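A.B. asks: First to last, the protein sequences are chains F and H. Numbered by this note's numbering, the letters in the first sequence go through residues 1 to 376 in order. Numbered by this note's numbering, the letters in the second sequence go through residues 1 to 376 in order.
Don't read these hints as lab results, they were simulated from the structure. Just so you know, these numbers come straight off a predicted model, no measurement behind them. Take the hints with a grain of salt, since some may be wrong.
Below, computed lysine-lysine pairings styled on DSBU-like, alpha-carbon distance capped at 35 Å [said to hold, decoys possible]:
(1) F:40 <-> H:134
(2) H:341 <-> H:134
(3) H:40 <-> F:368
(4) H:165 <-> H:134
Sample of chain F residues with no beta-carbon within 12 Å of chain H, all distances over it, derived [what the hints assert, rightly or not]:
(5) 127
(6) 207
(7) 209
(8) 218
(9) 256
(10) 260
(11) 285
(12) 287
(13) 373
(14) 376
All C-beta atoms, glycine included, are put in the ideal place defined by N, C-alpha and C.
There are 2 protein chains.
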Amino acid sequence: MIYLDNNATTIMYEEVFQILQKYSTEIYSNPNSIHEFGVKADVAMEEARFKIAKIMGVMPYEIYFTSGATESINWAIKGTALSRKKIGKHILSSKVEHSATINTLSYLNNIGFDIEYVKTDDFGKVDIEDLESKIRNDTILVTFMFANNEIGTINPIKEIQEIIKRKNEKTLFHVDAVQAVGKVDFRLKDYKCDMASFSAHKFHGPKGIGFLYKKESTLIHPLITGGTQERGQRGGTQNVPSIAAMAKALELSIKELYEMDRIKTIRDELAKDLEDLGANIVTPLNNSTPNTISAFFEGLRGDVIVNALSDEDIYISTSAACSSKGTSGSRVLKELGYSNKAAEGMVRISLSSLTTGDEVQRFINILKNVLEFLRF
Amino acid sequence: MIYLDNNATTIMYEEVFQILQKYSTEIYSNPNSIHEFGVKADVAMEEARFKIAKIMGVMPYEIYFTSGATESINWAIKGTALSRKKIGKHILSSKVEHSATINTLSYLNNIGFDIEYVKTDDFGKVDIEDLESKIRNDTILVTFMFANNEIGTINPIKEIQEIIKRKNEKTLFHVDAVQAVGKVDFRLKDYKCDMASFSAHKFHGPKGIGFLYKKESTLIHPLITGGTQERGQRGGTQNVPSIAAMAKALELSIKELYEMDRIKTIRDELAKDLEDLGANIVTPLNNSTPNTISAFFEGLRGDVIVNALSDEDIYISTSAACSSKGTSGSRVLKELGYSNKAAEGMVRISLSSLTTGDEVQRFINILKNVLEFLRF
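Working from the sequences, and respecting the hints, build out all of it.
C.D. replies: Listed below in structure tokens is the structure:
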């Protein structure tokens, strides 16, 4: 198998799985139990929180464990909307966000919030001037992704942050950082955003676990109410095995970051090889996550290419896994003004620190055969 | 170690962990990916949904995977409230519900919903006549637990269902079934409720996974919006390893149900032994989950007993793990009219199908010594 769909999900690091195993089978207690067996799980959980906070350069009590990025994004957006609706109902975002953001904003729009979309350039990068002109007194929230999941484009988060706070210091800024971790050196201390969402399975951790960073001063409504867990802000027995595993995955992802220079070299060479095979490259190579390349081939459907490669035990993607079923082509490409044919033709190849040059070479060789067959 | 805190969480069955391992390390793909590797995960997930539905006697498309019971309960209650607020804002429940329900209702109360609590008997069982008198034209939801997590009392869910539908057929009925599975033969087909919440880690499955049963005809707002997962009703990459493991845990829990006769016998003998040691039994032995017994000892704090036993590597609980930290005594006992001293004295012993008579005998012997020491 050659797995080149790492923006959809990643394999767990071996060490990460060992931690998952330890807290699933040995220290399986409820971290909220007051007995010693419960305390052991609680200690592991708080050590994980401390480790994540330390890596990110924030305080442990600013990290809230959730079931993943979609929950985190829902919490950040709906929590802000519901807690600040008396101050304002204006929210800014972009049309190339992940469906977790797009559909949450659409939900809020249906219940009376005023959602406005900031222009982006041809690669989906936020237009700073347009953003500046759209921030109003009643803008309660701005939410953007750090890097686009479908094509890899990186947003100028620091600039965005500065503009928001200059125009309206009360506007909260949420960053969907899902595609950042393990690909670029993303530390929260370098970005003064108010909230950020993360998902472990995108950086070689388990599925079903993530976290929301929420600045100490950021007070918003909880999404999931219940017990006193997570300082009363997120009810439910914490998933200690996955939390401890996530912290280890984050640690290893940061350790392995040096691999991204190698991956970028492979990715950039792959771009040339793809162009030689007739591809139109969509990803901006000089401003994107180094593991991602998206492209389309004139006259060929992306899903046909994906399926033909799948028969060869090679796995790439059409668009985002979260919206690839039952839809027709890349939503992001359509928003960027590409034709429906281009959008339906898009394929995404996403590498990880574990991808070898040999795998990519074998992929390109087989792709060549597949394209010849399909173009017959 | 003698683990008698199974209402807080349970150890995973060995077979369940093996499935978790398989889908964590081998078939780790995103079930929404269209390639063959993704399809394998999707098939495993849909087989799990089918298995759960079959066991429960409902349709697979009535099962929605969530991060656990707290999310399911939030979804059922808030989803109903937000989607029906134009019809009515009246919701009925009881004061002895789990904090996931109590605090969600309290949240709704703060934003303008009319929450009313039905009387219960001395053991926390819903008073049917009081319920009947309180159902109104604008009652949009009734939510009760199947069995109380702290003391084990079982509610007459079928009678409750009949009364609700007789008084107002439009009122939705949600059952918190968390403490039912693996303890009694709870099948949704026997209860015509509209929604029910479940958590895998209470029946020897993984933490961080659960499901919401939602009758096909029950249309409520989603809680977590995003991708097209779960028929568009719950966004986020599904946690396939935990979903597949949960289905196996449910299957095994049902298979092991015959053990509950043995466990009930052990529990009832334990009640006598506890009374011999001076305990006041709180749990109604003839109407409770057979694994649960709660009691208090005059003049002794529950947390002191729990900690003393913890030093002996024996784990029991004071009240619910989800509310046991930073609070003083059992909330349920206080609601039932017990004194603060009794509430602070409460201990809960919760067995599982894996508990042996020998373990319980060793527990009671050590408890005897502990009580002698503490009463010195």
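A.B. asks: Using Cβ atoms and 12 Å as the threshold, tell me whether residue 376 of chain F really stays out of contact range of chain H.
C.D. replies: Given that every Cβ of chain H is farther than 12 Å from that of residue 376 of chain F, nearest at about 22 Å, it holds.
A.B. asks: Straight-line Cα separation of residue 341 of chain H and residue 134 of chain H no greater than 35 Å?
C.D. replies: 32 Å, holds
A.B. asks: Taking the closest pair, is the beta carbon of residue 209 of chain F still more than 12 Å from chain H?
C.D. replies: 6 Å, violated
A.B. asks: At 12 Å, judged by beta carbons, does residue 256 of chain F keep clear of chain H as stated?
C.D. replies: Check passes; 18 Å lies beyond 12 Å.
A.B. asks: Looking at residue 260 of chain F again, its CB stays over 12 Å from all of chain H?
C.D. replies: About 21 Å separates residue 260 of chain F from the closest Cβ of chain H, which puts it past 12 Å; holds.
A.B. asks: Holds or violated: residue 40 of chain F with residue 134 of chain H, Cα cutoff 35 Å?
C.D. replies: Distance of about 45 Å is beyond 35 Å: violated.
A.B. asks: Quick one: work out the minimum CB distance from residue 285 of chain F to chain H and report holds if it exceeds 12 Å, violated otherwise.
C.D. replies: Label holds. Min Cβ-Cβ 25 Å, cutoff 12 Å.
A.B. asks: For the pair supplied as a hint, residue 165 of chain H and residue 134 of chain H, is the alpha-carbon distance within the 35 Å limit?
C.D. replies: At roughly 13 Å apart (the allowed maximum being 35 Å), residue 134 of chain H and residue 165 of chain H satisfy the hint.
A.B. asks: The output says residue 218 of chain F does not contact chain H. Does that hold with a beta carbon cutoff of 12 Å?
C.D. replies: 19 Å, holds
A.B. asks: Would you check whether the claim that residue 373 of chain F is not at the interface survives, using Cβ distances to chain H and the 12 Å cut-off?
C.D. replies: 17 Å, holds
A.B. asks: Residue 207 of chain F: least C-beta distance to chain H exceeds 12 Å?
C.D. replies: 4 Å, violated
A.B. asks: Compute the least Cβ-Cβ separation between residue 127 of chain F and chain H, then decide whether it is above 12 Å.
C.D. replies: Given a closest Cβ separation of 25 Å, the condition holds.
Checked against the numbered hints above, the structure breaks hints 1, 6 and 7 and satisfies the rest.
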